[in-house]
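Asks: In short: position in the sequence shown from 1, add 39, done, that's the working numbering.
Note that these hints are calculated values from the structure, not bench results.
Among the hints, a few may not be true.
[Stated by the list, open to error] Taking lysine-lysine pairs in the DSS-like style, the calculated list, with each CA pair at most 25 Å apart, reads:
1. K72 with K113
2. K100 with K78
3. K63 with K100
4. K63 with K78
5. K113 with K63
6. K100 with K113
7. K78 with K113
8. K72 with K100
Keep in mind the model is a prediction, meaning the values are calculated, not measured.
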Amino acid sequence: MLETTPTLVLTIEAHGRLVYGPIKTTTDALAEKLRTIGKFSDDEVEQVLREIDNLGSVEVKSAEGKHETITISKILAS
């Protein structure tokens, strides 16, 4: 599993508008939400967390195309 940072402050945008956050969370809590609410597989969760860690943000698009693309941005890590 990936190493986790203690806290992240995240924002989630869709269509260029802020829809969630900023919220302080942990990578473990974010991963759990992606799995339970977003129905992401473990591989997809790892990819999202890796991209957030490496790039600072990630775009997530529903495989079925039912939902819009969202951008998750890490704005602070401690």
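Asks: The structure should be examined with respect to each hint, and the outcome stated for every one.
Replies: Quick rundown of the hints versus the structure:
{"no.": "1", "hint": "K72 with K113", "in the structure": "holds, 16 Å"}
{"no.": "2", "hint": "K100 with K78", "in the structure": "holds, 12 Å"}
{"no.": "3", "hint": "K63 with K100", "in the structure": "holds, 23 Å"}
{"no.": "4", "hint": "K63 with K78", "in the structure": "holds, 22 Å"}
{"no.": "5", "hint": "K113 with K63", "in the structure": "holds, 10 Å"}
{"no.": "6", "hint": "K100 with K113", "in the structure": "holds, 18 Å"}
{"no.": "7", "hint": "K78 with K113", "in the structure": "holds, 21 Å"}
{"no.": "8", "hint": "K72 with K100", "in the structure": "holds, 16 Å"}
Consistency with the previously given hints is maintained throughout, with no hint failing.
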